[in-house]
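In the order they appear, the protein sequences are chains A, B and C.
The first sequence begins at 1 in our numbering and counts up one residue at a time.
The second sequence begins at 1 in our numbering and counts up one residue at a time.
The third sequence begins at 1 in our numbering and counts up one residue at a time.
It should be emphasised that the hints constitute simulated quantities derived from the structure, not laboratory data.
One thing to keep in mind: the hints can contain errors.
Unchecked claim - Partial list, computed: chain C residues near chain A (C-beta under 10 Å):
#	residue
1	P12
2	T19
3	D124
4	E273
We put the CB at the ideal spot given by N, CA and C, even for glycine.
The residues making up each chain are set out below.
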Amino acid sequence: MTDPIITLRGLEKHFGDVRALDGVTADIPRGAVGLLGPNGSGKTTLIKLLLGLLKPTGGEALVAGFNPRKRADRLAVRRVVGYMPEGDCLMPGMTGVDLVATLGRITGMSKQDAMTRAHEALNYVELEEARYRGLDEYSTGMKQRLKLAQALVHDPDILLLDEPTNGLDPKGRRHMLELVHDLGHAQGKNILLCSHLLPDVEKTCDRIVVLNRGQVAAEGAIEEMTRSDGLLLSARVEGETERFTAALREAGYGCESGELGTLTIQLDGRAEDADPIFAIAARVGASVTALAPVRSTLEQVFLQAVNEHEQAGKTASA
Amino acid sequence: MSAIIVAKDVGRWYGEVVGLSDLSVSIEGGVTGLVGPNGAGKSTFMKLLVGEIRPSRGALTVLGETPFANLRLYRRIGFCPQQDALYDHMRGREFVAALVRLYGFSAKESNRLAIRALERVHLEDAMERKVGEYSKGMRQRTRLAQAIAHGPELLVVDEPLSGLDPVARHETLELFKELGEAGTHVLLSSHVLHEVQSLTQEIVLIHRGRLLAQGSVGDVRRLLSRHPRRVRLTVREPRRLAEAFLRFDHVGAIRFHDDDGLDVETRDVETFFKDLPALATELGVGIKSLESPDADLEAIFDYLVG
Amino acid sequence: MKATTHTEIYRPFEGTLSTRSFRFLTIAWSGIRLASKKKLPLLVMLGPPAMAAIIFSFIVYASYALQKGEVPGIDAGQAQMVLALAGKNTEVAEQIVSFLTFPLVRGFVLLTVAWFGAGMIAEDRRLGAHLLYFSRPITRLDYLLGKFLATAWFGCLALLVPAIAINTIAAFSSPDWSYVKDQWDVILKTVAFSAAWIAIITALVLAVSSLVERKTLALAAVFGLVFLTEAVSNVLFQLTHESRYRLLSLFRNTDRLADWAFARKTSYDWAPEASLCAVSMLFASTLFVLWWRLRRMEEVA
Chain A
1 MTDPIITLRG LEKHFGDVRA LDGVTADIPR GAVGLLGPNG SGKTTLIKLL
51 LGLLKPTGGE ALVAGFNPRK RADRLAVRRV VGYMPEGDCL MPGMTGVDLV
101 ATLGRITGMS KQDAMTRAHE ALNYVELEEA RYRGLDEYST GMKQRLKLAQ
151 ALVHDPDILL LDEPTNGLDP KGRRHMLELV HDLGHAQGKN ILLCSHLLPD
201 VEKTCDRIVV LNRGQVAAEG AIEEMTRSDG LLLSARVEGE TERFTAALRE
251 AGYGCESGEL GTLTIQLDGR AEDADPIFAI AARVGASVTA LAPVRSTLEQ
301 VFLQAVNEHE QAGKTASA
Chain B
1 MSAIIVAKDV GRWYGEVVGL SDLSVSIEGG VTGLVGPNGA GKSTFMKLLV
51 GEIRPSRGAL TVLGETPFAN LRLYRRIGFC PQQDALYDHM RGREFVAALV
101 RLYGFSAKES NRLAIRALER VHLEDAMERK VGEYSKGMRQ RTRLAQAIAH
151 GPELLVVDEP LSGLDPVARH ETLELFKELG EAGTHVLLSS HVLHEVQSLT
201 QEIVLIHRGR LLAQGSVGDV RRLLSRHPRR VRLTVREPRR LAEAFLRFDH
251 VGAIRFHDDD GLDVETRDVE TFFKDLPALA TELGVGIKSL ESPDADLEAI
301 FDYLVG
Chain C
1 MKATTHTEIY RPFEGTLSTR SFRFLTIAWS GIRLASKKKL PLLVMLGPPA
51 MAAIIFSFIV YASYALQKGE VPGIDAGQAQ MVLALAGKNT EVAEQIVSFL
101 TFPLVRGFVL LTVAWFGAGM IAEDRRLGAH LLYFSRPITR LDYLLGKFLA
151 TAWFGCLALL VPAIAINTIA AFSSPDWSYV KDQWDVILKT VAFSAAWIAI
201 ITALVLAVSS LVERKTLALA AVFGLVFLTE AVSNVLFQLT HESRYRLLSL
251 FRNTDRLADW AFARKTSYDW APEASLCAVS MLFASTLFVL WWRLRRMEEV
301 A
């Protein structure tokens with residue numbers, strides 16, 4: 001792993017008595033990282049600190065080597081970061097191109113560069129003829145993509161994306177996720193993605209950082225955190241289900257039926273693959289329609305991390 | 001089971017703007033997911049169901065009655081709208097109790113019901129605070145509490161998960177599951193399809209104000225015979241297995257990916273699944289996993305809406 | 001020719017980002033363009049001051065023409081009539097002060113600045129658009145200057161440009177450029193007075209705009225504030241006949257300052273320093289409010 005793109009060292013931010021961030025220490029590596037946490041866990045505060053909009057109460061953050069606490073660095077940070085805010089933040093009356101180009105100029109691009117880049121960014125997010133229309137005519141999906149385009153206009157190294165799929169319908173959501181995935185993987189952008197939709201994070205990010213009560217509750221690679229231990233198989237079977245279950249038990253496989261007609265089979269490392277299971281299905285004449293090693297979902301990983309952190313907090317305070 | 005919602009040629013316009021164009025659908029009890037792209041008419045349909053607005057055309061019955069301005073029916077329905085309209089100056093408990101009182105409960109009873117509902121949505125610690133101080137997620141849960149407080153037979157919820165964090169999403173979905181198991185009919189709309197599918201297999205898909213599909217996810221997928229089913233396998237020896245698949249005349253395409261991945265397109269997935277165990281046993285190619293990437297609600301939505 | 005393909009969808013930006021800090025000009029220019037999209041309010045609001053300027057220009061022109069004894073285009077009788085309308089004093093300086101403190105002009109300048117400035121910060125706050133600015137390499141000062149210039153621009157269109165036009169007419173119609181030679185201080189004073197007046201109301205409007213979340217509310221608040229102080233000052237003055245209460249009124253103060261600046265006979269009985277002090281206090285407090293609100297905005301961004 002190369003140098004982390006964002007380094008957090010004991011970062012604290014208190015608002016009066018509220019400890020929004022309570023000693024966050026983490027190395028956020030290059031690549032696409034999901035920033036997860038329940039409401040009020042400090043995600044928004046962290047983003048503001050990274051952008052230099054807030055001054056930390058204690059500790060330090062380094063974004064691409066810049067310390068947003070220092071006045072000179074603060075503006076430098078904002079040159080290498082593209083931020084896509086959560087809310088509906090677009091001024092009506094402006095056209096899409098106008099908005100993106102203006103924001104490009106504010107970031108320090110020349111007039112010609114800003115115009116060229118505005119069009120390229122808009123092409124990339126597939127806002128074709130809509131770019132010349134007023135923002136009040138934009139649909140939710142178009143607004144979200146425009147917000148992404150404005151974050152891309154100065155070609156930043158780091159993208160902070162706050163709930164990019166918020167309010168999108170399934171089609172719009174898929175499109176947005178494709179763009180985010182492409183940026184993080186094909187375009188080599190470093191992405192910090194905040195989302196409440198864990199499958200979105202799973203589809204676009206390689207790693208996650210889970211915040212809870214202003215502290216890091218868990219972090220790591222999604223692949224590893226959800227890795228299967230190879231001991232359990234989940235299967236769906238149609239026709240002859242009962243005979244199949246009975247035959248499995250007879251052969252010595254533990255087996256339980258779970259939600260929505262799935263069957264959890266204890267493989268217990270007795271086989272490298274599922275061939276013996278297929279053999280049993282073939283014998284009783286059952287159709288196997290789905291079969292996969294049981295792995296935790298990101299949701300399970302997340303809920304467990306938050307729960308354990310809560311418990312640890314309670315024990316510590318007691 | 002008999003239908004609890006029957007719509008026949010129901011349409012609703014707002015001036016020239018069409019909210020719902022011509023919907024005929026009959027929804028049976030249990031938990032049903034209402035899905036469709038933005039502007040399909042989901043919210044309009046829900047408002048029609050709870051009697052908030054009157055259809056411009058067609059006939060609609062809910063629990064056997066016409067919903068518009070039907071006070072008797074209002075008590076049997078709980079509605080959680082999408083709009084974030086709450087009285088900010090009231091406490092959470094007061095707000096929910098005030099709404100429950102409208103159904104004709106006594107002040108004391110309303111209060112009791114309000115507290116119980118707020119506990120169910122895990123707002124017990126915040127219910128004495130002003131609604132204006134609530135976060136987006138808490139407001140969402142307050143809306144949900146007022147919808148379930150009076151113990152409705154039918155719960156109509158419009159995007160109840162939007163703005164909720166993963167913990168609250170999980171808890172809310174669990175709540176709907178419990179309500180469904182306890183016999184409450186739930187009609188829920190959401191853009192997050194995998195969450196709908198984790199709750200129910202019964203879906204109604206509307207698009208452009210019309211019914212596009214209804215039924216269980218599996219049945220609807222079977223009807224889409226135009227799109228051959230994809231089956232994705234990870235196999236130790238994918239090429240040997242593929243060779244065997246070539247003999248199946250319902251297999252239309254085979255594609256390899258990575259070292260051990262194999263995608264198969266079949267026009268007859270039932271036969272495919274039926275024959276696979278025997279084939280796997282005979283060849284011993286080492287199948288590690290088997291899944292159908294285009295059989296879920298996401299895929300159906302994709303194929304039908306585009 | 002060597003065959004190449006360029007199928008990449010996303011192209012990296014090869015240029016450089018300048019670190020010069022003139023970002024406020026971009027913000028100002030964007031604000032001006034956005035506000036000028038609707039032409040009708042611009043015409044309605046700039047019309048009356050422009051017409052007043054034409055009338056005053058004509059008076060200036062006619063008085064010089066009469067001095068020279070030649071009146072091309074109109075006959076001497078008509079010119080006399082216009083001058084009679086303008087009052088006895090046909091000094092250019094007098095005409096310019098009259099224009100600058102003319103109630104209709106003053107009202108419309110305030111209306112113009114309020115109309116275009118009321119939404120500048122309020123709408124950004126309502127929509128959260130300031131997030132898009134403050135996540136970019138600009139400082140609060142850049143943002144404030146940008147909004148300030150954009151708003152002041154419309155004030156200039158309403159007041160400074162017509163005032164300069166009158167001066168220009170005077171310069172051209174005075175015999176042998178005597179106006180420029182002898183009364184150049186009037187020109188400077190015109191510019192300085194207009195600029196100061198625009199700066200004060202711009203700051204006032206922006207301060208109000210930064211406190212509320214809606215353009216209409218800001219508009220109402222600005223006019224409420226101005227009319228309320230005006231009314232209170234008037235009522236207290238009528239009751240007590242103490243002129244210090246008139247210091248509450250923005251318009252009385254600027255009238256007093258105009259009389260002082262252009263060395264005109266004044267009808268007010270207090271020292272110009274008192275007015276200067278009152279106006280400076282207003283200006284300073286609006287700037288203070290702005291700075292405090294912007295600080296909050298950046299943090300809450």
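- Query: Would the hint on C:P12 stand, with a C-beta cut-off of 10 Å toward chain A?
  - Reply: At 5 Å from the nearest chain A Cβ, C:P12 passes the 10 Å test, so the hint holds.
- With 10 Å as the cut and Cβ atoms as the points, is C:T19 at the interface with chain A? With a closest approach of 6 Å, the C:T19 hint holds.
- Message: Is the interface hint satisfied for C:D124? The criterion is a beta-carbon contact with chain A at less than 10 Å.
- Response: Check passed: Cβ of C:D124 comes within 7 Å of chain A, closer than 10 Å.
- Message: For the restraint on C:E273, tell me whether the closest CB of chain A is nearer than 10 Å.
- Response: Where the cut-off is 10 Å and the nearest Cβ of chain A is about 39 Å from C:E273, the hint is violated.
Of the numbered hints stated above, the single one contradicted by the structure is hint 4.
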